[in-house]
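In the order they appear, the protein sequences are chains A and B. Note that the numbering used here has the first sequence beginning at 1, numbered continuously upward. Note that the numbering used here has the second sequence beginning at 1, numbered continuously upward.
One or more of the hints may lead you astray.
Pulled from the structure, derived: some chain B residues nowhere near chain A, Cβ distances all over 10 Å [what the hints assert, rightly or not]:
no.	residue
1	Ser15
2	Phe55
3	Pro74
4	Val80
5	Val105
6	Gly187
7	Val285
Straight-line C-alpha distance at most 16 Å; calculated EDC-like pairs for lysine to aspartate or glutamate [to be verified]:
no.	chain 1	residue 1	chain 2	residue 2
8	A	Lys170	B	Asp31
9	B	Lys86	A	Asp182
10	B	Lys154	B	Asp31
11	B	Lys86	A	Glu232
12	B	Lys68	B	Glu112
13	B	Lys173	B	Glu198
14	B	Lys316	B	Asp244
15	B	Lys5	B	Asp24
16	B	Lys344	B	Asp244
Keep in mind the hints are simulated off the structure, nothing from the lab. The C-beta atom is built at its ideal place from N, Cα and C for all residues, glycine as well.
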Amino acid sequence: MKNRRTGNLAAAPHVVWSILFIIAPLLFVLYYTLTDPEGGFTLENISRLFTGNYVLIFLNSLCLALIATVICLALAYPLAYLIASMKQRRQKIVILLIMLPLWMNFLITTYSWMTLLEDTGVINTLLAKIGLDPVHMINTPGAVICGMVFCFFPYMVLPIYSVMAGIDPKLVEAAKDLGCSDAQVMTRVIMPLSLSGVISGITMVFVPSVSTFYISQKLGGGSFQLIGDTIESYFTGTAINFHFGAALSLVLMVLILLSMAVMNRFTDEETAMERRPML
Amino acid sequence: MEKHKIIELKGICKSYGGEKVLSDISLDIYDNEFVTMLGPSGCGKTTTLRIIAGFEHPDKGSVYFDGKDITALPPYQRHVNTVFQKYALFPHLNVYENIAFGLRVAKRPEEEIREQVKEMLRLVNLSSFEKRHVTTLSGGQQQRVAIARALINKPRVLLLDEPLGALDLKLRKDMQQELKNIRKQTGITFIYVTHDQEEALSLSDRVIVMNAGEIQQVGAPIDIYNEPVNAYVADFIGESNILDGVMLEDYKVRLAGHTFDCVDKGFEANEPVDVVIRPEDVDVVAPEKGMLTGLVTQVTFMGVHYEIIVEIDHFKWMIQTTDYVAPDSRIGIYIEPDAFHVMKKSEYSDLFGDYSSYSFEHELLSENVDEEALEE
């Protein structure tokens, strides 16, 4: 009993924090979505989402974020496996190197990508030096994906690596002992056991990718709009409209929650299948 | 009929970072026998097992299976399976799928897998557990799953790496019996690694005593106990009083200032030797009837018998007797000629003395340390 009371007391700052900075803002978003500038109840903000090209913007954002996430996963999974099989000391060094870009300001990282990808940027200058035609890279979806992958890559590697490093090497030996070749060890032991890391990696890359506005502004150059940019423009731009911005945010949040739910169902099914006796 | 050699090790050497773990191990293992590799932690027994399984490669020497050189074969191409010390069950699979693993990898038909798994579950007495998740099982149950998982591949040889090390005493005894039964039912060769000498003696057809990367002695449990080749084996297997002696001539050995009749021969005249006398082979008699007399310094009740420490001529003997003897009393001892076991002097001769520093607590302590070292 006493423990529970001290436990409650210890949780109090967190509860206050959550209410002030998580629950309350969410309620504000909901309030703004459902009201007009005069404070009256309206559904117009939501119905407006289906006009113009907002649906297309949503689809575009989801699509780019998805591509960036898939690329991150494809690059990070083998890398995480490689790191986890290194010697302990080397593991620490490589992880440090992967985390290094996170220490740098995110805006600076994006600016550096601009200087790299511009028509007269570092890459094109180099191409010209060796006598090749310049390639137009900046302000393309490719550049935006590139920026997303670079910025969010560590968030994919770290969770996968930490799950893989926790896999008992004896399990690999046991699998080999029972007849698994190296490839079969991968598909039958390593992959199913690292699934939880993959799921959190995907979450941690997909969510910021789908809602980013800075990367798409700087590397997309406003040539196409993503949902993050759109939301930002309603809060800071000339066409300021908190109510419609809130509606966009709310829908984005719902979409993200839905994709997370789908993914969690997918993993639940996976584990449920494994636990079900094969009849 | 000549017994069929299933595994042969020839001149195996292995070092890690310049430290020799195995030096020149040669060993034959026959079809359908229960062989135990016994030794303290760090003696190289587990490394030997891992070389047979294919997880380690010897620096020098070869491994033969059924007459064929398999030194370079990866583990998955060998007809041996391993039961790991900490079970190493797959945490993402249930009991059924853990056991079925080997057959699934081999892409056997579903029908066959179901039959085989059911049979294995029966063999290890876990029939109602197939849907259980392995993390919800007790240590003993996990061990059974590990055994079933290894046996389903129908290996010719089963390797067991301290499989009962993590179980409590009672459960360990039950599992020992069960292992014996399983071996009898399956007829598979078992190679068993343990540091528990009692386990080794009670389970095996043959025991291989190892120390410091070398084989000390290979033989049936009773021969190893009664005829240890050197002071190391005598001390490691059971309790022993190891005394310096001189072999005067065949059947005459002199120790503790007296000359005794014995049954050993073949030594040179006046050759210095080690003499082993097991504590249970010494009879306590009245002082005037004894071959030697001494002062009882310590008496410990062990249940079936008393363990007493007797000081004779500055050497502390351990004697096991069923009759109570009072501490600080003088007693005589009597030893039958066949209770003396005479051994040539070896590198271990001076390492094992009397029981002057012996205490039961100390023994327990060192056992715990041993097990902790194994956890590493």
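Hints versus structure:
1. Ser15: holds, 19 Å
2. Phe55: violated, 6 Å
3. Pro74: At roughly 7 Å from the nearest Cβ of chain A, B/Pro74 sits no farther out than 10 Å, so the non-interface label is violated.
4. Val80: Nearest chain A Cβ is 8 Å from B/Val80, so the label is violated.
5. Val105: violated, 4 Å
6. Gly187: Per Cβ check, B/Gly187 is outside 10 Å of chain A; nearest 21 Å; holds.
7. Val285: B/Val285 is indeed farther than 10 Å from all Cβ atoms of chain A, at 55 Å.
8. A/Lys170 with B/Asp31: Judged against 16 Å, a Cα distance of about 27 Å means the pair is violated.
9. B/Lys86 with A/Asp182: It is violated: about 22 Å lies between the C-alpha atoms, which goes past 16 Å.
10. B/Lys154 with B/Asp31: Cα-Cα ~14 Å, so holds.
11. B/Lys86 with A/Glu232: violated, 55 Å
12. B/Lys68 with B/Glu112: violated, 30 Å
13. B/Lys173 with B/Glu198: holds, 11 Å
14. B/Lys316 with B/Asp244: holds, 13 Å
15. B/Lys5 with B/Asp24: violated, 19 Å
16. B/Lys344 with B/Asp244: Judged against 16 Å, a Cα distance of about 11 Å means the pair holds.
The earlier numbered hints that this structure contradicts are 2, 3, 4, 5, 8, 9, 11, 12, 15.
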